[in-house]
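*Asks:* Model the full assembly from the supplied sequences, consistent with the hints where possible.
Protein sequences appear in the order of chains Y and B. Take the first sequence: its position 341, counting from 1, is numbered 340 in numbering that gives the first Met the number 0, and each next residue is one higher. Take the second sequence: its position 261, counting from 1, is numbered 260 in numbering that gives the first Met the number 0, and each next residue is one higher.
These are calculated hints, taken from the structure and not from any lab test. This structure is a prediction, so every number in the text was calculated from the model and none was measured. Any given hint might turn out to be false.
Said to hold, decoys possible - Quick partial rundown of chain B residues pointing at chain Y, CB under 10 Å, derived from the structure: (1) T262; (2) N266; (3) D323; (4) V327; (5) E415; (6) S420; (7) M430; (8) G437; (9) A507; (10) G511.
To be verified - Restricting the straight-line Cα-Cα distance to at most 30 Å, the calculated cross-link-like pairs of lysine-lysine (DSS-like) are: (11) B:K187 x Y:K328; (12) B:K283 x B:K144; (13) B:K328 x Y:K222; (14) Y:K280 x Y:K222; (15) B:K144 x Y:K503; (16) Y:K250 x B:K316; (17) B:K488 x Y:K484.
Stated by the list, open to error - Chain Y residues, not near chain B, derived (Cβ > 12 Å throughout): (18) A23; (19) D32; (20) K45; (21) A94; (22) Y97; (23) D170; (24) Q181; (25) S185; (26) T189; (27) D242; (28) G269; (29) V339; (30) D474.
Beta carbons are placed, not taken as given, at the ideal position from N, Cα and C, and that holds for glycine.
Spelled out, the chains give:
There are 2 protein chains.
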Amino acid sequence: MPSYTAPVKDMQFVLHDVLKVSDADIPGYADLDRSFTEAVLDEAAKVAQDILTPLNIVGDVEGCVLENGVVRTPKGFKQAFDTLREGGWMSLDAAPEYGGQGLPYLMHTAVNETFVSANMAFNMYQGLTHGAYSAIKVHGTDEQKTKWLPKMVSCEWTGTMNLTEPHCGTDLGMMRTKAEPQADGSYKITGQKIFISAGDHDMASNIVHLVLAKAPGGGEGTKGISLFIVPKFLVNEDGSLGDRNAVSVGKVEEKMGIHGNATCVMNYDGATGWLLGELHKGMKAMFTMMNEARLGVALQGYAVAEAAYQNALTYAKDRLQGRDVTGVKNPGGPADPLIVHPDIRRNLMEQKSFLEGARAWAYWGATLIDRAHTGDMAADGLIGLMTPVLKGFLTDKGFEMAVQAQQVYGGHGYIEEWGMSQFARDARIAMIYEGANGVQALDLVGRKLATDGGKHVMAFFDLVKAECKAHEGDDRMKGFVEPLKAASKALQQAGMYFMQNGMKNPNAALAGSYDFMHMMGHVCLGLMWTKMATAAYTALDAGAEDRDFYEAKIATGRFYMARQLPACAMHLARIETGAEPVMALAAEAF
Amino acid sequence: MPSYTAPVKDMQFVLHDVLKVSDADIPGYADLDRSFTEAVLDEAAKVAQDILTPLNIVGDVEGCVLENGVVRTPKGFKQAFDTLREGGWMSLDAAPEYGGQGLPYLMHTAVNETFVSANMAFNMYQGLTHGAYSAIKVHGTDEQKTKWLPKMVSCEWTGTMNLTEPHCGTDLGMMRTKAEPQADGSYKITGQKIFISAGDHDMASNIVHLVLAKAPGGGEGTKGISLFIVPKFLVNEDGSLGDRNAVSVGKVEEKMGIHGNATCVMNYDGATGWLLGELHKGMKAMFTMMNEARLGVALQGYAVAEAAYQNALTYAKDRLQGRDVTGVKNPGGPADPLIVHPDIRRNLMEQKSFLEGARAWAYWGATLIDRAHTGDMAADGLIGLMTPVLKGFLTDKGFEMAVQAQQVYGGHGYIEEWGMSQFARDARIAMIYEGANGVQALDLVGRKLATDGGKHVMAFFDLVKAECKAHEGDDRMKGFVEPLKAASKALQQAGMYFMQNGMKNPNAALAGSYDFMHMMGHVCLGLMWTKMATAAYTALDAGAEDRDFYEAKIATGRFYMARQLPACAMHLARIETGAEPVMALAAEAF
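*Replies:* See below:
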């Protein structure tokens with residue numbers, strides 16, 4: 000069975016050496032000193048390692064079963080959910096007035112990383128609830144907040160998001176689910192929603208579905224869509240549970256992975272719901288949650304890969320196979336460990352350098368969300384720009400790295416009992432849901448680059464430039480600054496190409512959108528590695544005791560800069576071929 | 000349920016327009032005229048489409064079950080196996096003296112492609128038999144050939160290959176399975192073998208296991224290994240089946256994919272076996288089969304991706320979602336089909352341009368094997384050089400493309416009933432077995448580049464150079480020749496880097512081996528596309544009727560050259576960073 004150890008030291012390095020969170024001028028951050036975050040992360044680590052990790056493969060093997068209209072979760076899930084609920088782990092960053100602990104979103108992110116690494120499918124029950132909580136908190140009336148939030152914060156009730164229908168996913172304008180207004184101010188919701196994660200289960204006494212539907216008078220397309228609160232059980236005035244609402248599970252899907260999470264077809268047959276937010280502005284309500292939800296999926300991308308990497312590393316150190324061509328390393332044994340072989344080392348370094356860069360980037364993104372919550376529009380713009388890249392790049396690469404981790408195991412990686420297949424199968428969904436990665440690329444190039452007149456992408460380039468400038472003349476940083484400069488220049492050149500050609504023909508930009516997303520992902524990781532190397536040198540210069548740790552950071556970063564940033568030139572070359580090669584073949588000629 | 004249509008027209012294009020097989024001076028090829036190959040491929044297409052395709056998802060869902068010591072295959076497999084056996088499909092290229100049809104290996108390859116696309120797991124029962132047949136044919140005594148081959152050619156008996164043990168896969172020198180010589184000239188085989196594909200099943204009356212084991216006196220490491228024929232049932236003098244041999248199935252593995260094929264733990268408990276080939280030269284006997292077996296796996300890589308692509312294409316044409324930003328294409332419908340979107344088009348073009356290039360390359364490889372069978376050492380050297388690249392590149396990319404095909408489906412791609420997950424899960428194994436792709440890269444850079452003083456890689460570069468030279472001054476071929484020249488130059492430069500640095504430090508070459516393998520794969524596909532474009536222009540110039548078909552070839556090829564060959568410069572940049580970034584971190588510092 001695979002194992003997992005929360006990388007608390009690496010997390011602490013990002014929080015304190017790199018992001019220097021307790022000195023950041025963000026509300027709530029002053030309390031985040033080293034000892035506090037370490038205590039929280041150490042406790043989270045125990046939960047992740049002792050409770051969630053052993054259930055990961057159980058969830059995969061057993062899956063969720065629909066019995067008599069109710070979903071039964073895998074053995075042990077309910078007890079674990081109770082334990083996490085009792086430990087307060089579901090409410091770290093929720094508002095204290097609803098029972099939350101009021102910690103920054105950053106701490107939620109770091110803790111969440113360990114939970115997702117340990118058991119992605121399990122953590123989704125809480126993750127969806129967090130999303131629904133945020134929607135009600137931002138868009139709900141005071142009465143709604145009082146009614147729903149406290150029990151959602153505690154996860155006594157969980158939440159879901161209902162967007163997709165059989166004939167429409169990305170293009171929600173075609174939605175058919177209807178909301179008919181009733182005399183008492185409620186609505187009757189009728190329609191079918193699919194792919195509803197955590198749609199039903201046996202771990203909470205009620206489930207609060209947030210459902211997009213069309214109410215009369217809203218017009219065509221997405222403009223006519225509103226958001227509704229539709230609970231599984233109606234809730235009485237005194238907060239006790241009342242009648243079962245007319246919502247039922249049509250089916251639990253058989254999926255490639257995340258078997259421990261119930262992906263449901265939900266049937267709404269005149270179910271009672273209440274409008275959340277403004278009528279006909281449901282899409283807007285959904286969009287305000289997207290940065291957080293997408294950052295959550297980005298985190299899944301690398302967190303699952305982290306767990307896969309840890310196991311691949313152990314296997315590479317333990318498995319004896321072949322001899323080091325430069326000289327035997329394990330003369331007492333029948334062979335040397337896999338890790339002596341350069342191509343295994345390449346594979347592991349690709350994983351390691353990606354994962355540590357991804358973590359730094361995700362945490363930085365979380366600080367921007369915390370800043371944005373205080374009304375910092377620059378932070379809001381920057382995280383808005385980076386969100387599709389975080390989601391698209393980290394989930395693409397996260398899956399790729401989970402597949403590479405599986406590869407280290409050879410044939411054993413393909414056998415389910417070793418658990419490496421599950422990591423790859425679970426990681427796969429993150430590229431698809433919360434907006435397929437092609438849609439992220441479209442959002443980035445078709446929308447975010449031009450947001451506020453391109454102000455945010457300019458600010459991003461200024462950040463990179465400032466980082467490079469800060470190390471000018473510093474020889475030991477050359478291996479970071481030069482590749483970062485080149486990559487950033489290539490990215491700007493790609494942006495220029497889009498500007499110059501996209502006006503005449505939008506396809507000239509859109510055909511390169513996926514490459515641009517990956518290119519920008521590499522630049523962001525290059526930026527993070529430059530910052531991490533700086534932090535590591537600073538610690539070494541200050542006489543840090545654990546020299547090996549900081550030197551490993553620098554070596555890992557140098558690998559990323561030398562071996563991964565060259566991808567940017569390739570992406571640029573592809574982008575500059577424009578729409579023609581991509582669109583030359585007519586649809587009917589395929 | 001996914002569908003599949005054998006791409007006979009594309010196959011014919013490769014065979015006749017590109018490879019001009021009936022004019023090739025290879026024994027048996029003169030008969031391969033257009034109408035003959037079309038007739039064979041049309042019949043194979045019917046088998047693939049009508050019999051094997053419907054069983055693909057059945058095999059995935061049901062899997063193989065061990066019951067009372069015998070493996071039960073999924074419902075319908077046995078009947079289908081009988082049908083194929085009766086149709087003579089198992090013996091296309093087998094020698095007529097053993098009941099085969101004596102067609103070239105090329106025809107086996109083309110027919111095999113359709114069968115693998117339709118049902119990879121099913122086809123492996125025959126594929127393994129083919130491998131065992133080849134081993135006995137090359138290394139067996141006349142008596143052994145007479146005894147075993149006729150029933151293996153007809154697939155009345157099937158075959159397996161037993162190499163891996165729990166503690167050793169790539170490094171077979173650590174093998175523990177023992178062979179004790181008996182007075183009657185036979186051996187008693189004792190040990191455990193794992194990952195034995197088609198290890199047991201209910202579709203044949205006997206199973207002929209080829210087993211690597213250590214006989215006394217062979218010394219340490221791989222030198223002591225011999226190959227043995229160990230049947231499930233002993234065979235009497237008259238050819239009838241005798242006693243059950245002491246070989247049993249310990250377990251059927253639960254795998255990520257190819258559930259329809261029984262991957263078995265095989266226990267040999269003093270089983271009776273007979274030496275095949277020379278004593279203590281078993282590795283050599285295995286190696287002579289490797290080019291074919293690895294080409295077979297390379298074919299799996301792209302053949303599964305072909306089936307995935309066909310379904311993704313249909314979905315992209317049918318699924319209405321969003322609008323073409325350059326103008327509505329389906330004004331009568333609620334949305335335009337997915338295929339109007341540039342990033343979907345990019346995705347599909349990547350699949351299409353890979354698949355058609357891969358097919359041409361695999362068929363070319365098969366012609367080299369046919370030439371090599373006639374004693375053509377240049378062909379033998381060239382296919383030996385290309386084999387690790389065919390296997391490594393086509394299976395890596397085949398998996399990647401199957402994943403991209405799945406991505407076109409959005410959320411539906413993750414749901415098992417749509418079948419796209421199965422393609423990705425099935426394709427995954429091809430990167431692992433028959434030598435994990437890292438081992439292919441090692442074989443290429445550590446062995447094949449230097450084989451016969453580098454003669455074969457020089458011959459390869461000469462071929463590319465000649466192709467480029469043939470089109471000098473031809474403006475319409477510029478989009479092919481220039482990228483091919485640049486990619487080939489980069490590949491040569493990488494080779495030079497290895498030569499100059501690998502002598503001092505082998506890791507300087509090995510750290511770049513994976514990149515080199517991919518680079519060479521791109522150059523090979525670039526070469527094939529240049530040849531295909533030439534053939535298409537030739538047909539167009541000759542006034543071919545089906546202009547759309549040939550023009551589509553050229554457009555697809557231009558996409559590959561413009562958008563995929565730039566990867567070579569990236570791989571070169573990575574390679575030229577040498578061993579240092581890869582090996583800088585000590586194993587214990589991970």
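*Asks:* Hint by hint, say whether it matches the structure.
*Replies:* Structure-based check of all given hints:
Hint status for T262 (chain B) relative to chain Y: holds, with the closest Cβ pair at about 8 Å, below 10 Å. For N266 (chain B), the interface hint is violated, since its Cβ never comes within 10 Å of a Cβ in chain Y; the closest pair sits about 17 Å apart. Because the beta carbon of D323 (chain B) sits about 9 Å from the nearest beta carbon in chain Y, less than 10 Å, this interface hint is met. Hint on V327 (chain B) is violated. Least Cβ distance to chain Y is approximately 13 Å, over the 10 Å limit.
The criterion of a C-beta within 10 Å of any C-beta in chain Y is met by E415 (chain B), whose closest approach is roughly 4 Å, and the hint holds. A distance limit of 10 Å between C-beta atoms decides the matter here; for S420 (chain B) the minimum to chain Y is near 4 Å, and the interface restraint holds. Interface restraint check: M430 (chain B) against chain Y, minimum CB-CB distance 7 Å, threshold 10 Å, status holds. A distance limit of 10 Å between C-beta atoms decides the matter here; for G437 (chain B) the minimum to chain Y is near 4 Å, and the interface restraint holds.
Residue-level restraint check for A507 (chain B) holds (minimum Cβ-Cβ distance to chain Y is 9 Å; threshold 10 Å). Nearest Cβ of chain Y to the Cβ of G511 (chain B): about 8 Å, under the 10 Å cut. The hint holds. Of the supplied pair hints, the one linking K187 (chain B) and K328 (chain Y) is violated, its CA atoms being roughly 36 Å apart against a limit of 30 Å. A distance of roughly 19 Å separates the Cα atoms of K283 (chain B) and K144 (chain B); the hinted pair therefore holds under the 30 Å criterion.
Restraint check for K328 (chain B) and K222 (chain Y): the C-alpha separation of about 22 Å stays at or below 30 Å, so the hint holds. Between K280 (chain Y) and K222 (chain Y) the alpha-carbon distance is near 7 Å, which keeps this suggested pair within the 30 Å criterion. For the hint pairing K144 (chain B) with K503 (chain Y), the CA-to-CA distance comes to about 70 Å; that exceeds 30 Å, so the pair is violated. With a C-alpha separation of about 27 Å, the suggested pairing of K250 (chain Y) with K316 (chain B) holds against the 30 Å cut-off.
Of the supplied pair hints, the one linking K488 (chain B) and K484 (chain Y) holds, its CA atoms being roughly 27 Å apart against a limit of 30 Å. Distance to chain B confirms A23 (chain Y) as a non-interface residue, since its nearest Cβ pair spans about 30 Å, more than 12 Å. No Cβ of chain B comes within 12 Å of the Cβ of D32 (chain Y); the nearest lies about 28 Å off, and the non-interface call holds. Distance check for K45 (chain Y) against chain B: the nearest CB is about 24 Å away, which clears 12 Å, and the non-interface claim stands.
The beta carbon of A94 (chain Y) sits about 32 Å from the closest Cβ of chain B, which is more than 12 Å, so the claim that it is off the interface holds. Look at Y97 (chain Y): its CB is around 31 Å from the nearest CB on chain B, clear of 12 Å, so calling it non-interface holds up. The non-interface label for D170 (chain Y) is inconsistent with chain B: the shortest C-beta to C-beta separation is roughly 4 Å, within 12 Å. Once the 12 Å rule is applied to beta carbons, Q181 (chain Y) is consistent with being away from chain B; the minimum gap is 28 Å.
Chain B leaves S185 (chain Y) outside its interface by the beta-carbon criterion, the shortest separation being 29 Å against a cut-off of 12 Å. Every Cβ of chain B is farther than 12 Å from the Cβ of T189 (chain Y); the closest lies at roughly 19 Å, confirming the non-interface assignment. Its beta-carbon lying about 31 Å from the closest one in chain B, D242 (chain Y) satisfies the requirement of being farther than 12 Å from that chain. Taking the minimum C-beta to C-beta distance to chain B, about 25 Å, the non-interface status of G269 (chain Y) holds against the 12 Å cut.
Non-interface status of V339 (chain Y) relative to chain B is broken: a Cβ of that chain comes within 12 Å, the nearest being about 7 Å off. Its beta-carbon lying about 16 Å from the closest one in chain B, D474 (chain Y) satisfies the requirement of being farther than 12 Å from that chain.
In the structure shown, a violation is registered for the earlier hints numbered 2, 4, 11, 15, 23 and 29, in ascending order.
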